Amino acid sequence: MHNAETLFRLAALNTEYANCIDADRLEEWPGLFLEHCIYKITTADNYAGGLEAGIIFANSRGMLLDRVASLREANIYERHVYRHFLGQPWIVSEDAGDVRCETSFFVARIMRDGTTDVYATGRYIDVYRLNSGSPKLRERIVVCDSSRFDTLLALPL
Amino acid sequence: MHNAETLFRLAALNTEYANCIDADRLEEWPGLFLEHCIYKITTADNYAGGLEAGIIFANSRGMLLDRVASLREANIYERHVYRHFLGQPWIVSEDAGDVRCETSFFVARIMRDGTTDVYATGRYIDVYRLNSGSPKLRERIVVCDSSRFDTLLALPL
Amino acid sequence: MHNAETLFRLAALNTEYANCIDADRLEEWPGLFLEHCIYKITTADNYAGGLEAGIIFANSRGMLLDRVASLREANIYERHVYRHFLGQPWIVSEDAGDVRCETSFFVARIMRDGTTDVYATGRYIDVYRLNSGSPKLRERIVVCDSSRFDTLLALPL
Numbered sequence: 048m049h050n051a052e053t054l055f056r057l058a059a060l061n062t063e064y065a066n067c068i069d070a071d072r073l074e075e076w077p078g079l080f081l082e083h084c085i086y087k088i089t090t091a092d093n094y095a096g097g098l099e100a101g102i103i104f105a106n107s108r109g110m111l112l113d114r115v116a117s118l119r120e121a122n123i124y125e126r127h128v129y130r131h132f133l134g135q136p137w138i139v140s141e142d143a144g145d146v147r148c149e150t151s152f153f154v155a156r157i158m159r160d161g162t163t164d165v166y167a168t169g170r171y172i173d174v175y176r177l178n179s180g181s182p183k184l185r186e187r188i189v190v191c192d193s194s195r196f197d198t199l200l201a202l203p204l
Numbered sequence: 048m049h050n051a052e053t054l055f056r057l058a059a060l061n062t063e064y065a066n067c068i069d070a071d072r073l074e075e076w077p078g079l080f081l082e083h084c085i086y087k088i089t090t091a092d093n094y095a096g097g098l099e100a101g102i103i104f105a106n107s108r109g110m111l112l113d114r115v116a117s118l119r120e121a122n123i124y125e126r127h128v129y130r131h132f133l134g135q136p137w138i139v140s141e142d143a144g145d146v147r148c149e150t151s152f153f154v155a156r157i158m159r160d161g162t163t164d165v166y167a168t169g170r171y172i173d174v175y176r177l178n179s180g181s182p183k184l185r186e187r188i189v190v191c192d193s194s195r196f197d198t199l200l201a202l203p204l
Numbered sequence: 048m049h050n051a052e053t054l055f056r057l058a059a060l061n062t063e064y065a066n067c068i069d070a071d072r073l074e075e076w077p078g079l080f081l082e083h084c085i086y087k088i089t090t091a092d093n094y095a096g097g098l099e100a101g102i103i104f105a106n107s108r109g110m111l112l113d114r115v116a117s118l119r120e121a122n123i124y125e126r127h128v129y130r131h132f133l134g135q136p137w138i139v140s141e142d143a144g145d146v147r148c149e150t151s152f153f154v155a156r157i158m159r160d161g162t163t164d165v166y167a168t169g170r171y172i173d174v175y176r177l178n179s180g181s182p183k184l185r186e187r188i189v190v191c192d193s194s195r196f197d198t199l200l201a202l203p204l
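Chains as they are written, first to last, in this note's numbering: chain A, 48 to 204; chain B, 48 to 204; chain C, 48 to 204.
Possibly wrong hints are sitting among the right ones.
Which copy is meant is left open, so a pair is good if it fits within one copy or across any two.
Unchecked claim - Pairs of lysine to any residue residues, derived as SDA-like cross-links and limited to a Cα-Cα distance of at most 25 Å, are as follows: (1) Lys87 - Ala58; (2) Lys87 - Glu186; (3) Lys183 - Ile85; (4) Lys183 - Gly96; (5) Lys87 - Thr162; (6) Lys183 - Ser140; (7) Lys183 - His127; (8) Lys183 - Val165.
Think of the hints as simulated: they come from the structure by calculation, not from any bench.
Since we're looking at a predicted model, the values are computed, not measured.
Produce the entire structure from the sequences given, and follow the hints as far as they go.
Below, the structure written as structure tokens:
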């Protein structure tokens, strides 16, 4: 049984994370990570096989900001929005302010024409830094259950 | 970081809200609103464009009760049930007992023949009145992500 | 308004429950139940009609362990994984350490070829035993909204 307060703080960060993406406040999304951080999107098969290559990889907040900027500038992808649903964080360990944690996600995608589909499901494998203020993500590995990916993959998961 | 107690109370109201609809306790649903209230269903495009017209509109608890009564009497719609899934409330502001808040929703629809689909996704844009007892909804604007609506729209979202 | 601490403990058990199944830690799943317990999967129509026959039925932790063992040994079902999403527990009553509670569930299924679908929605109708440590399930009736079932039904819901 883990600390209710810790769980509450992680869930609040995840709510903010989902809102940044779903409400098109992408510029605020990198601010949820530490300056030195890992953000990676991969598949369950690759993750289980220890394959390092991810679909998307960043190892600093600056790279995340660059990614957002290029999404804004290029804007060549077909317009769509995401809607994230996150489970309750499942805490693996807590050590000196670093919390290891897994959280299930489900993302619905709504295309310009109104079509809605189950875009992706999976789990976030996270390391959070619990600061005195809001916690920050030190590492988020987005492990998608399915290996089939729409080539449209553009917005962060 | 918002107050854990406030968040807990809003989440409890939302759980009750979903249960009233999904468990066919529709008559209890209007009781979650203040006597003078706004309940509106609209689309993200209309909402962003400032268009006032909603798909459904009510400005009193009495209108919500009337709606439930007519659903019960008419009963001409094809039998179906909903299953709501709500994210954690994302609190925008809190002022003298009024809380402004957004919550993602996902509604699955199960038809009489067993077919299940993703019926609607979107966000509730809410104003809650925090009373000494249970909070009440002063305003709930249901903003659906998709502009495509099944004409079956009958049960509340 | 129910006790935040009770709700937190039930939600933590449900997070663990989902993780046991979704992360393929099936052997740990029976440990969330009491030695003498009820686990049943049925449909909303059968449940409403008072029909006792369920799709799956167990009345002891031993039967749940047997079920997991046979899933491991047989292994004839097409490979697939589940991803559970659970609502917040809706507490019906609390009496001398037994909590009656309902919780909405949504399970996505991801097949070997990457296909993802909405596999099942419904509600858990539960009785929890609140021990001094982690709560345990005395009874979980899995009531699926749809009467249509894929014959693949193999992993626990």
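These are the hints, each one checked on the structure:
With identical chains, the CA atoms of Lys87 and Ala58 are at most 25 Å apart within one copy only, with a shortest distance of 20 Å there and 28 Å across copies. For the identical chains of this complex, Lys87 and Glu186 are intra-copy neighbours only, at 8 Å inside a copy versus 39 Å across copies, given an alpha-carbon limit of 25 Å. In this assembly of identical chains, Lys183 and Ile85 lie within 25 Å of each other by CA distance solely inside one copy; the values are 12 Å within and 37 Å between copies. Taking identical chains as interchangeable, the C-alpha atoms of Lys183 and Gly96 are never at most 25 Å apart, the minima being 28 Å within one chain and 34 Å between chains.
In the homo-oligomer, the alpha carbons of Lys87 and Thr162 lie at most 25 Å apart only across protomers (22 Å), although the nearest pairing inside one protomer, at 27 Å, exceeds that limit. Within a single copy, Lys183 and Ser140 get their C-alpha atoms as close as 16 Å, and across copies as close as 22 Å, so both meet the 25 Å cut-off. When the C-alpha separation of Lys183 and His127 is checked against a cutoff of 25 Å, the pair qualifies neither within a copy, at 27 Å, nor between copies, at 34 Å. Taking the shortest alpha-carbon separations for Lys183 and Val165, neither the intra-copy value of 28 Å nor the inter-copy value of 32 Å comes in at or below 25 Å.
Of the hints listed earlier, those the structure fails to meet are numbers 4, 7 and 8, in rising order.
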